[in-house]
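**Q** Just so you know, the protein sequences line up as chains A and B, in that order.
First residue of the first sequence? That's 0 in numbering that gives the first Met the number 0, and the numbers climb one at a time after it.
First residue of the second sequence? That's 0 in numbering that gives the first Met the number 0, and the numbers climb one at a time after it.
One or more of the hints may lead you astray.
[Claimed, not checked] A short, non-exhaustive set of chain B residues, derived as facing chain A with CB atoms under 8 Å:
no.: 1; residue: 43
no.: 2; residue: 71
no.: 3; residue: 74
no.: 4; residue: 77
no.: 5; residue: 78
no.: 6; residue: 79
no.: 7; residue: 82
no.: 8; residue: 188
no.: 9; residue: 206
no.: 10; residue: 257
no.: 11; residue: 265
[As the list claims (entries may be wrong)] Pairs of lysine to aspartate or glutamate residues, derived as EDC-like cross-links and limited to a Cα-Cα distance of at most 16 Å, are as follows:
no.: 12; chain 1: B; residue 1: 255; chain 2: A; residue 2: 228
no.: 13; chain 1: A; residue 1: 72; chain 2: A; residue 2: 9
no.: 14; chain 1: B; residue 1: 255; chain 2: A; residue 2: 221
no.: 15; chain 1: B; residue 1: 255; chain 2: A; residue 2: 9
no.: 16; chain 1: B; residue 1: 255; chain 2: A; residue 2: 254
no.: 17; chain 1: B; residue 1: 255; chain 2: A; residue 2: 239
no.: 18; chain 1: B; residue 1: 255; chain 2: A; residue 2: 212
no.: 19; chain 1: A; residue 1: 19; chain 2: A; residue 2: 221
[Claimed, not checked] So these bits of chain A aren't anywhere near chain B, every CB distance computed over 10 Å:
no.: 20; residue: 27
no.: 21; residue: 154
no.: 22; residue: 211
no.: 23; residue: 252
These aren't lab readings, by the way, just hints derived from the structure by calculation.
Just so it is clear, CB atoms sit at the ideal spot from N, CA and C, and this is done for glycine as well.
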Amino acid sequence: MATIPLLQVERLTIGFGREKPVVHEVSFEVMPGETVGIVGESGSGKTMTALAVLRLLPPGGRIVEGRILFDGKPLHQFSEAQMRQVRGGDISMVFQDPFTCLNPVMRVGDQVAEAARLHRGRTEGDPYALALQMLRAVHLPDPERIARRYPHELSGGQRQRVMIAMAFICHPRLLIADEPTTALDVTVQLQILHLMQEIQRQQGTAVLLITHDLGVVAYTCDRVLVMHEGRVVESGSVDEVLERPRHPYTRRLLEALA
Amino acid sequence: MQPLVEMRAVRVYFPLQRGEIVRAVDGVDLVLHPSEAVGLVGESGCGKSTLARALLRLLPLTSGEIWFDGQPLHRLSESEIRPLRRQMQMVFQDPMASLNPRMRIGHVLSEPLEVHGLARGRQAWQRAGRLLERVGLSADHLHRYPHEFSGGQRQRIGIARAIATQPRLLVADEPTSALDVSIRAQIHALLRELQREMNMTILFVTHDLHAVRQVCSRVVVMYLGKVVESAPVDQLFTTPAHPYTRALLDSVLEPKPSQARRPRSLPTGDVPTAIRVPPGCRFHTRCPYAQERCRVEEPPLQPVGEGQQVACHYPLISH
Numbered sequence: 000m001a002t003i004p005l006l007q008v009e010r011l012t013i014g015f016g017r018e019k020p021v022v023h024e025v026s027f028e029v030m031p032g033e034t035v036g037i038v039g040e041s042g043s044g045k046t047m048t049a050l051a052v053l054r055l056l057p058p059g060g061r062i063v064e065g066r067i068l069f070d071g072k073p074l075h076q077f078s079e080a081q082m083r084q085v086r087g088g089d090i091s092m093v094f095q096d097p098f099t100c101l102n103p104v105m106r107v108g109d110q111v112a113e114a115a116r117l118h119r120g121r122t123e124g125d126p127y128a129l130a131l132q133m134l135r136a137v138h139l140p141d142p143e144r145i146a147r148r149y150p151h152e153l154s155g156g157q158r159q160r161v162m163i164a165m166a167f168i169c170h171p172r173l174l175i176a177d178e179p180t181t182a183l184d185v186t187v188q189l190q191i192l193h194l195m196q197e198i199q200r201q202q203g204t205a206v207l208l209i210t211h212d213l214g215v216v217a218y219t220c221d222r223v224l225v226m227h228e229g230r231v232v233e234s235g236s237v238d239e240v241l242e243r244p245r246h247p248y249t250r251r252l253l254e255a256l257a
Numbered sequence: 000m001q002p003l004v005e006m007r008a009v010r011v012y013f014p015l016q017r018g019e020i021v022r023a024v025d026g027v028d029l030v031l032h033p034s035e036a037v038g039l040v041g042e043s044g045c046g047k048s049t050l051a052r053a054l055l056r057l058l059p060l061t062s063g064e065i066w067f068d069g070q071p072l073h074r075l076s077e078s079e080i081r082p083l084r085r086q087m088q089m090v091f092q093d094p095m096a097s098l099n100p101r102m103r104i105g106h107v108l109s110e111p112l113e114v115h116g117l118a119r120g121r122q123a124w125q126r127a128g129r130l131l132e133r134v135g136l137s138a139d140h141l142h143r144y145p146h147e148f149s150g151g152q153r154q155r156i157g158i159a160r161a162i163a164t165q166p167r168l169l170v171a172d173e174p175t176s177a178l179d180v181s182i183r184a185q186i187h188a189l190l191r192e193l194q195r196e197m198n199m200t201i202l203f204v205t206h207d208l209h210a211v212r213q214v215c216s217r218v219v220v221m222y223l224g225k226v227v228e229s230a231p232v233d234q235l236f237t238t239p240a241h242p243y244t245r246a247l248l249d250s251v252l253e254p255k256p257s258q259a260r261r262p263r264s265l266p267t268g269d270v271p272t273a274i275r276v277p278p279g280c281r282f283h284t285r286c287p288y289a290q291e292r293c294r295v296e297e298p299p300l301q302p303v304g305e306g307q308q309v310a311c312h313y314p315l316i317s318h
C-alpha cells in the first residue's frame, strides 16, 4: 500500500447559515485501495461529510472550514466545472436508492454508456459496448436484454447492480457508497456487498462507505470512523473499534445489536 | 390451550390490470396462543404485513378463515367486529403518519377510551396520563402535539394508544424499522415488558432478526406468501430447518469482525414477484439444495422437531 493518502479530509466543518455546524472538525484519510467506513445514526453528519467530499452539499450548506485533498489536489477550492470532471471520473458514487438516481425515461444501457461518454479520456472503445461489458461484470443475466430495459422494469437488486456498473465504468480511484444496501432485501444485500468488493479488488479502488449498519462495516471495512452529533467520537481499525470499543457511544451501538 | 387466534388457509389476492394477480398471502395457517409473542419475519413482499392486516380485518380476505377467541372474524360484518376492536390493536411503522398532527397527545390517547366506553372526560384524560407514564413518557406531555416528539417518543405514544383499551392481541408492523438502532432496543424492551405485564399476545412483524430475538418467543418465517418455517426463537437460530431460514440467518451481518467473516450459505438472485409465483416449492429457484421434486410438488408445512414445523421436502434437520 502506498504511503500517500488518496483522500485527506482535514478539520472539515460544515454549516447551514448561522446554525451550529452539522459536521465539526472531522479529519480522516483514505489510502489507495482501502475501504473506510463512516458509521453513525441519522443526524450524525456522516452523509454530509460524504456529500462535502463530492461538493454536493444541499442548498444552504457550505464548508465553513477545513480542507479536502484528493491525491494532493484541493477539492474544496475546485470550481463547479472542475468538480464535474472529478465526479463520475476519479471519484464516483453509489447511493441508497438507485431508483431516484437513475433516469426513469432512459434505457439502462444508454445510461451506463452515458457515464463512459462523459469521461471519454478515461475509457477506450465504444461506450455502449463498454456498458454491456460492465453490465456483464456486475453479473446481470442476459446483459443485452437488460440494457434495453427501463429502470422500473428491473428489481431493486438489479437496479443497484446497474448503479455499480455505472460507478465503476470509468475505473474511479475512489468510490463513495452511501448506504448502498440499506434499501435492499437482506438476502440480496450480501450479494451486492460481494459484488462491490469483487470489482473494487479488480480495479484497486478505494471505498468510503457510509452506513448506519455496524454489521456491514465489520464485513467490508478495513478502518472505521464512528460519528455522533457531527463529530468523530472514535476511529481505528475495524478489529480495534468493534471488538474493543472505547467510546461509550460505540459501546451503546454495539449493545443495541446484541 | 385454546388458541387466541387461528388462521386457516388464508389467502389475500390483489388483482392488477391486464388480468394479473398479486398472490400476497397464498394459503397461510397460523395459530397464536394467549400471552405469546410471535415474530413474523420475511423480506419485503413476502406478505407478512398483508397477513397482519388481514388478521385485523383491515384488508378483505380472498378466502380462508380467521378465528379470534372462538369468534369467526371472517364472517362478521364491520359493525359486528367493532366491539372486538378494543381486544385487538395495532402499532404501525410510522407513528407520525398514524398520529393526527393537530391533536394533542391527551386527545390521541383518551379517544380510544371514549370510543370504547371505557372512560370519559377528566377520567379518560387521567388514564391517558398514566398510559404515557407506563410507556416511559410523562403526564406533562398530554398537552403537546405529535411534532414535538422524537421518533422514538412518537412510537412510545403509538404503543400507549394501542394498549389503552387493554387489548388481548397487539399487532406491531415493523414498529422500529424507521428508528435508529440505539432507540430500537429500548422500544423492543418496552414491548417485551408490556407483553409480560398485560399478558398480551403480540404478533411482531419485522424483517429484522435482531428485533425478533429481543421481543419474541416463537418465529414464523414467510416467503412469497407462504409460511416456510415456524419454531421457538432459540431453536430457529441454532437449528433452522428450511434452507430459506438458513439463508436469512446467514444474511445477518454481526458487528464483530471475528464473527462477520464466518462462511455463509447464500441464495442466488432476487426474490421472484408474487405475480409469477414459481411452481412447486416457491424457494426452488434460489435454493442451493433444490431437487427435481421441488420444482413440481409444493411441500406442506409439517412437524420436524419439538415445536418446529417446516415446509420443505429436504429439511436441513430431521426428527
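**Q** Hint by hint, say whether it matches the structure.
**A** Against the structure, the hints come out as follows:
no.	hint	in the structure
1	43	6 Å, holds
2	71	35 Å, violated
3	74	36 Å, violated
4	77	35 Å, violated
5	78	40 Å, violated
6	79	39 Å, violated
7	82	39 Å, violated
8	188	10 Å, violated
9	206	7 Å, holds
10	257	7 Å, holds
11	265	6 Å, holds
12	255/B with 228/A	24 Å, violated
13	72/A with 9/A	13 Å, holds
14	255/B with 221/A	13 Å, holds
15	255/B with 9/A	29 Å, violated
16	255/B with 254/A	11 Å, holds
17	255/B with 239/A	10 Å, holds
18	255/B with 212/A	12 Å, holds
19	19/A with 221/A	32 Å, violated
20	27	19 Å, holds
21	154	4 Å, violated
22	211	7 Å, violated
23	252	6 Å, violated
Against the hints set out earlier in the document, violations occur for numbers 2, 3, 4, 5, 6, 7, 8, 12, 15, 19, 21, 22 and 23.
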